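There are 2 protein chains.
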Amino acid sequence: MNEALKQAEIALEEGEIPVGAVIVVRDRIIARAYNQTEKLTDVTAHAEILAITAASNALGAKYLPECKLYVTLEPCPMCAGACFWAQLGELHYGSADPQRGYSRISQPLLHPKTKISNGLLADESKNLLQAFFKNLRN
Amino acid sequence: MNEALKQAEIALEEGEIPVGAVIVVRDRIIARAYNQTEKLTDVTAHAEILAITAASNALGAKYLPECKLYVTLEPCPMCAGACFWAQLGELHYGSADPQRGYSRISQPLLHPKTKISNGLLADESKNLLQAFFKNLRN
Numbered sequence: 001m002n003e004a005l006k007q008a009e010i011a012l013e014e015g016e017i018p019v020g021a022v023i024v025v026r027d028r029i030i031a032r033a034y035n036q037t038e039k040l041t042d043v044t045a046h047a048e049i050l051a052i053t054a055a056s057n058a059l060g061a062k063y064l065p066e067c068k069l070y071v072t073l074e075p076c077p078m079c080a081g082a083c084f085w086a087q088l089g090e091l092h093y094g095s096a097d098p099q100r101g102y103s104r105i106s107q108p109l110l111h112p113k114t115k116i117s118n119g120l121l122a123d124e125s126k127n128l129l130q131a132f133f134k135n136l137r138n
Numbered sequence: 001m002n003e004a005l006k007q008a009e010i011a012l013e014e015g016e017i018p019v020g021a022v023i024v025v026r027d028r029i030i031a032r033a034y035n036q037t038e039k040l041t042d043v044t045a046h047a048e049i050l051a052i053t054a055a056s057n058a059l060g061a062k063y064l065p066e067c068k069l070y071v072t073l074e075p076c077p078m079c080a081g082a083c084f085w086a087q088l089g090e091l092h093y094g095s096a097d098p099q100r101g102y103s104r105i106s107q108p109l110l111h112p113k114t115k116i117s118n119g120l121l122a123d124e125s126k127n128l129l130q131a132f133f134k135n136l137r138n
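If you read the sequences in order, they're chains W and D.
Mapping of the first sequence onto the UniProt record's numbering: position 43 corresponds to residue 43, and the numbering continues sequentially without gaps.
Mapping of the second sequence onto the UniProt record's numbering: position 60 corresponds to residue 60, and the numbering continues sequentially without gaps.
Just so you know, these hints were derived from the structure itself, not from any lab.
All values reported here derive from a predicted model rather than from experimental measurement.
Possibly wrong hints are sitting among the right ones.
Copies of the same chain are indistinguishable here, so a pair counts whether it falls within one copy or spans any two.
Derived lysine-lysine pairs resembling DSSO-like cross-links, with alpha carbons at most 27 Å apart [as the list claims (entries may be wrong)]:
(1) K126 to K62
(2) K62 to K134
(3) K39 to K62
(4) K134 to K115
(5) K113 to K39
(6) K6 to K115
With the hints as constraints, model all of the structure from the sequences given.
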């Protein structure tokens with residue numbers, strides 16, 4: 001999650017909503033990404049989507065059942081849907097997103113085999129987001 | 001929808017699940033795409049995601065409130081989530097997808113301002129999908 005947080009810090013420096021993600025397989029990071037919706041002018045360029053695309057590229061495989069995705073913020077339904085299609089092995093997210101997070105949807109959006117944990121470095125993740133939105137208001 | 005169906009036909013020819021999409025703004029097609037999850041080895045390469053990315057590129061804008069998306073099959077939650085973030089103006093889909101469509105989720109995944117219609121060329125869209133899966137089984 002430390003590496004995902006570094007990605008979020010890059011996003012913050014570049015004026016993006018600071019969310020970072022990495023994908024790990026057998027203790028090796030195979031993809032790093034941060035939210036680039038502004039830079040790419042593309043709402044689909046969330047950290048998770050970019051990381052899944054990069055991981056599939058790295059592995060030459062559409063499905064990622066052996067992969068662990070670490071992302072600093074709870075995924076939205078779009079990204080949860082991408083995790084579903086990828087048959088992601090494990091999802092670990094930092095801070096919860098009560099407004100836009102997938103878990104406010106009562107029906108399951110993730111794959112039934114995906115293991116989930118949350119809360120890792122949640123405060124650090126939230127601090128970055130608060131810094132971004134505070135800066136935006138000023 | 002005819003143009004979206006042509007995109008789905010290209011997908012079928014290329015061995016992809018045949019789903020096609022176009023995005024229209026003021027009666028002009030600004031994006032055409034078909035499902036390329038096999039060719040790109042990327043579960044996020046659904047027709048709708050590729051079309052939204054292409055439309056944002058064409059317009060130089062992240063948000064697509066004046067855009068109409070025509071897609072041959074009901075979007076999945078991932079693609080509905082992308083439509084949400086894009087603040088899509090109108091969604092028109094052909095055949096329903098009772099297994100994977102976004103509308104089986106009881107909470108709204110689309111943007112509240114997005115107008116929705118369905119059923120246009122639904123039989124033609126379904127025929128393409130049935131041809132694909134029949135071929136797969138043989």
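A quick look at each hint next to the structure:
1. K126 to K62: Classified as between; 25 Å across copies, 31 Å inside a copy.
2. K62 to K134: between (39 Å within a copy, 22 Å between copies)
3. K39 to K62: both (26 Å within a copy, 10 Å between copies)
4. K134 to K115: neither (34 Å within a copy, 34 Å between copies)
5. K113 to K39: Only across copies: K113 and K39 sit 25 Å apart there, 34 Å inside one copy, limit 27 Å.
6. K6 to K115: within (23 Å within a copy, 39 Å between copies)
Hint 4 from the list above is the single one not met by this structure.
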